[in-house]
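Asker: Use these hints to put chains B, C and D with the ligands onto chain A, whose structure you have.
Keeping their order, the protein sequence lines are chains A, B, C and D. Residue 477 in my numbering sits at position 477 of the first sequence, with consecutive numbering throughout. Residue 197 in my numbering sits at position 197 of the second sequence, with consecutive numbering throughout. Residue 49 in my numbering sits at position 49 of the third sequence, with consecutive numbering throughout. Residue 237 in my numbering sits at position 237 of the fourth sequence, with consecutive numbering throughout.
These aren't lab readings, by the way, just hints derived from the structure by calculation. Accuracy of the hints is not assured; some may be wrong.
For lysine-lysine, the following BS3-like pairs were computed, each having C-alpha atoms within a straight-line distance of at most 25 Å [to be verified]: (1) Lys194/B with Lys125/D; (2) Lys270/C with Lys139/D; (3) Lys273/B with Lys289/C; (4) Lys94/B with Lys216/B; (5) Lys289/D with Lys427/A; (6) Lys236/D with Lys243/C; (7) Lys210/C with Lys220/C; (8) Lys83/D with Lys232/C; (9) Lys194/A with Lys125/C; (10) Lys57/A with Lys302/D; (11) Lys584/B with Lys505/A; (12) Lys114/B with Lys559/A; (13) Lys273/A with Lys289/D; (14) Lys114/B with Lys491/A; (15) Lys284/A with Lys260/D; (16) Lys302/C with Lys273/B; (17) Lys559/A with Lys559/B; (18) Lys243/D with Lys261/C; (19) Lys194/A with Lys302/D; (20) Lys505/A with Lys435/A; (21) Lys192/B with Lys139/C; (22) Lys44/A with Lys139/C; (23) Lys302/D with Lys181/A; (24) Lys435/A with Lys83/D; (25) Lys618/A with Lys536/A; (26) Lys536/A with Lys592/A; (27) Lys420/B with Lys289/C; (28) Lys284/A with Lys292/D; (29) Lys427/A with Lys302/D; (30) Lys584/B with Lys491/A; (31) Lys243/C with Lys260/D; (32) Lys292/C with Lys420/B; (33) Lys584/B with Lys584/A; (34) Lys427/B with Lys302/C; (35) Lys57/B with Lys302/C; (36) Lys180/D with Lys236/D.
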Amino acid sequence: MDFNILIGGPQGGGIDTAANLVGKAVATSGYGVLSVREYHSNIKGRHSYTHMRVMDKQPRSLKYPVNIFVALDPDTIFEHLDDVSEVSTVLYDKTTEDYDLQAARMIMRDTSAKIRRILTENGFETTIRGALGYMKKRGAKLLPIPFSDIATEAVPDGTPSRYYNTIGAAITLAIIGIDRKFADDAISYIFKGKQQVVEENVKVVDASYRFAEDSKVAGKTLPALPTPRKLLLTGNDASALGKLLGGLRFQTYYPITPASDESTTIEEHQNIKWIGKEAENLRKGGVVIVQTEDELSAINMAIGGALTGVRSATATSGPGFSLMAEGLSFAGMDEVPLVVTFYERGGPSTGLPTRNGQSDLLFALNAGHGEYPRIVFSSGTVDECIYDAAKALNYAAKYQMPVIHLIDKNLANTLDLISKVDLDRIKIETVELAKEGDDVKRYDLNTENGVSPYTTMGRNIFWMTGDEHDELGHVTEDSDIRDRMMEKRFKKLETADREIPLEEKAVLIGEKEADITFVTWGSQKGPILDVIEDLKEEGISANLLYLKMFSPFPTEFVKNVLSKASLVIDVESNYTAQAAQMIKLYTGIDIKNKILKYNGRHMTEDEILKSAKEILNKESLMVVLEDGS
Amino acid sequence: MDFNILIGGPQGGGIDTAANLVGKAVATSGYGVLSVREYHSNIKGRHSYTHMRVMDKQPRSLKYPVNIFVALDPDTIFEHLDDVSEVSTVLYDKTTEDYDLQAARMIMRDTSAKIRRILTENGFETTIRGALGYMKKRGAKLLPIPFSDIATEAVPDGTPSRYYNTIGAAITLAIIGIDRKFADDAISYIFKGKQQVVEENVKVVDASYRFAEDSKVAGKTLPALPTPRKLLLTGNDASALGKLLGGLRFQTYYPITPASDESTTIEEHQNIKWIGKEAENLRKGGVVIVQTEDELSAINMAIGGALTGVRSATATSGPGFSLMAEGLSFAGMDEVPLVVTFYERGGPSTGLPTRNGQSDLLFALNAGHGEYPRIVFSSGTVDECIYDAAKALNYAAKYQMPVIHLIDKNLANTLDLISKVDLDRIKIETVELAKEGDDVKRYDLNTENGVSPYTTMGRNIFWMTGDEHDELGHVTEDSDIRDRMMEKRFKKLETADREIPLEEKAVLIGEKEADITFVTWGSQKGPILDVIEDLKEEGISANLLYLKMFSPFPTEFVKNVLSKASLVIDVESNYTAQAAQMIKLYTGIDIKNKILKYNGRHMTEDEILKSAKEILNKESLMVVLEDGS
Amino acid sequence: MVHNFRNDITVDWCPGCGDFGILTALTSALQELNLGPHDVAVISGIGCSGKTPHYVNAAGAHTLHGRAIPVAVGVKLTNPKLKVIVTGGDGDLMSIGAGHLVAEGRRNSGITVLMYDNAVYGLTKGQAAPTLKLGVQTKSLARPNIYDAINPIMLAISTGYSFVARGFSFEIAHLKNIIKQAVMFPGSSFIDILQPCPTYNNINTMDWYKKRVYKLDDDKTWDPVVTENDPKAEEKYNRAIEKSFEWGDRIPIGIFYVNKKIPPFTERLKQYVDNYESVPPAAQDVKSKDGKPIVDPFETFKDKIIV
Amino acid sequence: MVHNFRNDITVDWCPGCGDFGILTALTSALQELNLGPHDVAVISGIGCSGKTPHYVNAAGAHTLHGRAIPVAVGVKLTNPKLKVIVTGGDGDLMSIGAGHLVAEGRRNSGITVLMYDNAVYGLTKGQAAPTLKLGVQTKSLARPNIYDAINPIMLAISTGYSFVARGFSFEIAHLKNIIKQAVMFPGSSFIDILQPCPTYNNINTMDWYKKRVYKLDDDKTWDPVVTENDPKAEEKYNRAIEKSFEWGDRIPIGIFYVNKKIPPFTERLKQYVDNYESVPPAAQDVKSKDGKPIVDPFETFKDKIIV
Ligand SMILES: Cc1ncc(C[n+]2csc(CCOP(=O)(O)OP(=O)(O)O)c2C)c(N)n1
Ligand SMILES: Cc1ncc(C[n+]2csc(CCOP(=O)(O)OP(=O)(O)O)c2C)c(N)n1
Ligand code: SF4
Ligand code: SF4
Ligand SMILES: [Mg+2]
Ligand SMILES: [Mg+2]
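So that you can see chain A by itself, here it is in the shape it has in the complex (with noise of 0.2 Å):
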């Protein structure tokens, strides 16, 4: 089994909504879902979708063209023309066969001109009609569904487009094969707490599978498959229990897309639930979150937090990480452990605020002026935001340093299911703390790590100053106390490169040998994987260079799996292939074929294949992916 699913409408019109509906029915039923969400910086009326994929097993990545196309809105329509083939079956509202182009004034006007083009060229009209011809003149099967007339029969009374989103779900789990009763329950879970609403929605949801029988789409009935206890959580989401999991007590903010639902999410889950046995005796509170009035505010306050001897941390995009350049360096200067999750967006400037992008990599190996160590490193997956946040503040307390920690809008924005939290991977690891005592040296030099004893406010006096300081941490400008502190602070980089284990900097995953070698970040890591197993039945062998950690860099390792490969190509979204740059200034290599993405849209298993293909039938060095609305 495995059906991608694309569901599009108006932003507000309640597809976040038909996507957790879609997504709870399948997972209860003991089947794997996964899920990525595009949206324009609106707020209300421009188009919107989620691209899912249902599978037996948990899937790694979306592909196009999708097998269920649901529009809850003419736009969607128009604005994804070539994503359905003849794998493809289209469910529209019939009474929108007549509505035109031009009527379409919340699509980008330049979007409205390609699609205009399009249609033009290949000779169908304007309007909606045309455009479903034009699909299925690409082979989909279209379903005209009667939105209006389904929600009318079940809730009489209400107004029938507040229930097309239930529809769309309803009709795709239908086709699915999901059985109702589990459509009914993800009902009874979204709408906790509204009675009315649920029943309501229940009644659309019998119509619409009911019309999905009588229309002869409905799938057989999958069997429901025994399933344990699954959190159904975004890279935000999973962030967020990562770092709460790590210890973190404190974290600033100021809201920014796509970073802020982390910070939500934190503050929703403030009042933590402990485990009972471990717990026991110990000293145990709440967390604080603070909005505060900027981003230069949030990476200081967080500074403060770290300064009591917090687990402190902070969250941000691309903006708001600019204005942290500052704080970044003072806590460079200063050892201070702070974690900053850095969510990577479309860029430069507010850019393509809503939309994925791996652009800020060597910005956050260079931000700040001056200097000084840090540790800058990546997830790719939902699974590992959860252990790499929890990690981060590891990194912050063993080296005192600041660490970043990327995650990309994709992976922000990605609906996965996770299974098991593995507490033993997670150890909460601290630093040798000063003597209690009146006078501690902060920033004592003789250390064999570069670590100096740590302590906090509160505990001990000490000073601390962005200036170059002495051990007790007042002004210094001595030459050699300088030198002396420069070259510890950088000790400590060499102790983090030797002590954090390989694996969590970088890993070949697959073949030690292969045809292909894919080099990538982020999250093309699930299709990358994906892509390498189609490519096997196809006879061609492919692994994986899997990059996590850039400062401090794995080189011999790197080095030695690209002197040995094949072929390799990069993967990244953005357009200077910034981990291609490190992976050169560090090795010396330098890799010339690139599958690269900077449209802001998530990379699919299918056009990452096809490009693999073309690189390896010498088509192209480098490939520029196109896809996605």
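Answerer: What follows is chains B, C and D with the ligands alone, placed relative to chain A:
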């Protein structure tokens, strides 16, 4: 003739006046003089000094040990124990011999401990007497100066200590052999408008010269050489001048060392004097300078200025630049012609705010989230600053992108003599203007070179947004337009790379083939050129690959030069050899030999020479320079 | 010919949003002032409010969150003949941009600041903005607002804006009138515009405001204008401050305070910058016909000539 | 044993600088309050004023220009039992840091802000700071100040500080007294401290101030404290504002305004954060004895359990 001189005393104690006095008198008598100022981040009391060199020709570098060492206070002697040798004459105040190190509380604790160690280990007491003994042991000639007596003799009712700086400077001039009348002229020049002060100081000069003669240290009076008109400029001044020449009419700034002197200089000269003929019939006016509330405001206000078509800039150093990262990304996205003059000082964080550093190169190259083109280049001498500042404004205008002009603190605070400002080397270049009218495509995609026609507020209707935008400047999330805009913006960088002459990017100075090829950027240029001459005398040939531009990077040229070089030595004032990293990234060439300095003090001819020989003799791959107090 | 200040770009604010009224008031004000297409620049930050410049048929810059004021000041000071209007959110101007708001009071460069006061962060989905009162819980907040509110009128008066007013986005004619006066006023003006956000602010709705707002100048004795040597200057100041606290059953709109005594920054610049009035930076030529510099380096830097 | 809050680090302020008096007032205040060595944290920005923490024998952080307040708030909210004191310059707090100053009024976290008001940027050599009056030319300015001044007392009151006062660095006993009250006050306090800078400010000198300052509480009827249901609340507020404008021949020092009605942020947090009072973040254990997490992931994220 070649005198290296050090004049030291407390901050606020007239060191600058002493340096000016020497400089002015030397310059007017037709000789060359160069000086650098070193000072603490403190207003009054801590140690500060000027390192100068006087030659027949214009010096390019400074050197230790100094020939004339002038201590206006005891701290100066303690601070510079090792900067003298048998070539030195030490001028000091006889009455301070009993002064104990312990009383010198303005010396940084660690420095004090180091001085104590040196004196004690060498068997001297920790007083000025002991310190002088140590200096004598190093071969220095001691010249006790009865500062107070000379002052009282000249100005019986004055406060003696107010004249110590004049005494020190005047005796220095006498030793060099500068005709007294030039010293008198210098006094009139420096204290212009304060008749009584002039008279008193002239008397002090007279008494000092007499003292020098009586003590038999006065040199033979040097003949006055004919000399053209000259400007005495710091790097700050030169950049200010270059900006005015290049058409700057709006500058914003927030006070910060060592950048704000540039803005102050512009402000003092904001009412420009015009070249009669060229400027006739043109619309002319003064320059607007604004001290803003912070650097966020400074960069954004400068952007605002650029939007009305005015050549606009801001100037800052590390901490301020960190705050500008977001604005820079906006300027990159919106193709704003903006110049940021980035004065590098010792980082990270507040770091060594009044000391030298070249540790912001990678940050300048990567500051701001997302990917956008920028020009990053640097100057190495005061003279270059003039033309480069003017060029920066051209680059910004021609390629419609932010331009970062790097000047290190050492250069900013170097006083140099400039005899010629060659206006023929400056051409003010602009780009095509959009037609007047209502809707212009400010971001016209239909260009060969990526540069769309320019226009300004008050002239056309057009829009701008930090979001990705269409040709009119309206927000778009269309994925194709997005791709084309990214490509267009980066195409400008290719255009710049093609059009900017190689000599503005990198120059190979000296023989094509040499035993040593130095690589450097910024203010080490002068010292290295002198080192090359020194080496030549010892039969070692050397040349210099002098880098000016890092984005776009002159890859082919650098690769070409370095791949043919025998022994390459990278010389930089930072910890991580940032220019060498860029060379590796672009050319793949890994420079193993390095001379680095990160203690914040200026590099001198002697220490580079010594280290280069060490490397040549294979005693070391990397030398960290530690000179300077 | 009268220039039409509305263009035909799709407006993507939510149905019922107060921003529409502000847009109408602004564009009709500019039109009624008979301003030409090249007399105006509209500068915004980021937020729903920040989209405004795109909908106005004049040069417009949609800049960074919080930074509209500095950009606007740069435009104004280099080309002082332009009418420069800032359209910003309450988060944009009073949270992340508060430092600039304060500084601009001191500077008083002659820009017009329209603050879209919806008490929430619209574009990021309804977090509390600085005008939301302590303890109030709008619908997207997980808990009641934990911050106290700023009194924008008082902040503007106390930091030095010389024209301070409040409008309501559903009193378009009244708001338009205020905007007209503000735009023509030489000093910097600040207008707090009550702007219902039907999507996220379910407390301060259109109806809520409609029941409460009243016009200051309904009271015929209301005179907010302070002139040179005005004996009532202090009284007017204090009264404006006092009025600014009126909130609850009755909410005053109209002009709170106008200070004609204080010269704007552009006036102050004239004293120091040659030809600033007649040839401001934007009107200057910076090169000769053949592209050469026109600045005499030695004459201009005369004080640096050492020989 | 009484803790000595002065240490023996070399102070490198200029002779005659007002900062010395502030340092003495601060350290004696802490001493007289009988605070222990681990009860206090002193946080500063950058400037001459910013050097203060190094001279105080307590945990101290000399942070970034303009950012002392956010750092201090981070310290305070994670460890609310600490007395957290900000020592900042007028440029630091009211120019580059103005946004945080305003926000902290709204937040009212319970920190004490001492503003060293010398009307210049000391450490960068005497540029105009936000308290320098329009048209005044101190000795290092090339021309008279082109900016208008901020009224710090009014700004602090209007943005929500619940304890607002002014001291004079050469009235050490008086200043010490104010600091003692401010430090013990639960809400955030702001003290504008008139601080002569003999090096750069030749206008507002020690003598200039000595001739002008007078104490508010010399007037026995002066009562700046507003309590719950205080019928005179409004009057006291207005009077404080009015007083804040007195400048010239007579300059009031003392406590302008104290608001006991408004709960500090730390109080507000108690409503939402488990055990915030008894076990604030700084007092928490975050791991079991063997270093394992103590958070139950499924129970804590119960709402995200889908199966
Ligand atoms: C530096 C930075 N931080 C955060 C954001 C995210 N952001 C976009 S709009 C907005 C707030 C909008 O609220 P407001 O200013 O009140 O405008 P409104 O949408 O209510 O009109 C925020 C925080 C950003 N764009 N830039
Ligand atoms: C981001 C940043 N910008 C500028 C500076 C330079 N700087 C150091 S101190 C200072 C101003 C000091 O003035 P004030 O805050 O009034 O303190 P004072 O020295 O008068 O006590 C400035 C602008 C800096 N350190 N950081
Ligand atoms: S979110 Fe609120 S402010 Fe934004 S457009 Fe919608 S209604 Fe208007
Ligand atoms: S410059 Fe002014 S404020 Fe700074 S230490 Fe000197 S006198 Fe004090
Ligand atoms: Mg708002
Ligand atoms: Mg100050």
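Asker: Is lysine 44/A within 25 Å of lysine 139/C, Cα to Cα?
Answerer: holds (16 Å)
Asker: Please verify whether lysine 114/B and lysine 491/A have alpha carbons no more than 25 Å apart.
Answerer: Holds, at roughly 24 Å.
Asker: For the pair supplied as a hint, lysine 192/B and lysine 139/C, confirm whether the alpha-carbon distance does not exceed 25 Å.
Answerer: With a Cα-Cα distance of about 70 Å, the restraint between lysine 192/B and lysine 139/C is violated, given a limit of 25 Å.
Asker: Lysine 236/D and lysine 243/C: Cα distance at most 25 Å?
Answerer: Holds. Lysine 236/D to lysine 243/C sits at ~16 Å (cutoff 25 Å).
Asker: Holds or violated: lysine 194/A with lysine 302/D, Cα cutoff 25 Å?
Answerer: Roughly 19 Å between the alpha carbons, so the hint for lysine 194/A and lysine 302/D holds.
Asker: Is the Cα-Cα distance between lysine 289/D and lysine 427/A 25 Å or less?
Answerer: Holds, at roughly 11 Å.
Asker: Please verify whether lysine 302/D and lysine 181/A have alpha carbons no more than 25 Å apart.
Answerer: holds (22 Å)
Asker: Against the 25 Å threshold, does the CA-CA distance of lysine 618/A and lysine 536/A hold or violate the hint?
Answerer: Status holds; Cα separation ~19 Å.
Asker: Taken at face value, is the distance from the CA of lysine 125/C to the CA of lysine 194/A at most 25 Å?
Answerer: Holds, because 22 Å separates the two Cα atoms, which is no more than 25 Å.
Asker: Are lysine 243/C and lysine 260/D close enough, with their CA atoms no more than 25 Å apart?
Answerer: It holds: about 23 Å lies between the C-alpha atoms, which stays within 25 Å.
Asker: Does lysine 220/C sit within 25 Å of lysine 210/C, going by the straight-line distance between their CA atoms?
Answerer: holds (21 Å)
Asker: What's the verdict on lysine 420/B and lysine 289/C, does the C-alpha distance respect the 25 Å limit or exceed it?
Answerer: The hint holds at about 23 Å.
When each numbered hint is compared with the structure, violations occur for hints 8, 12, 15, 20 and 21.
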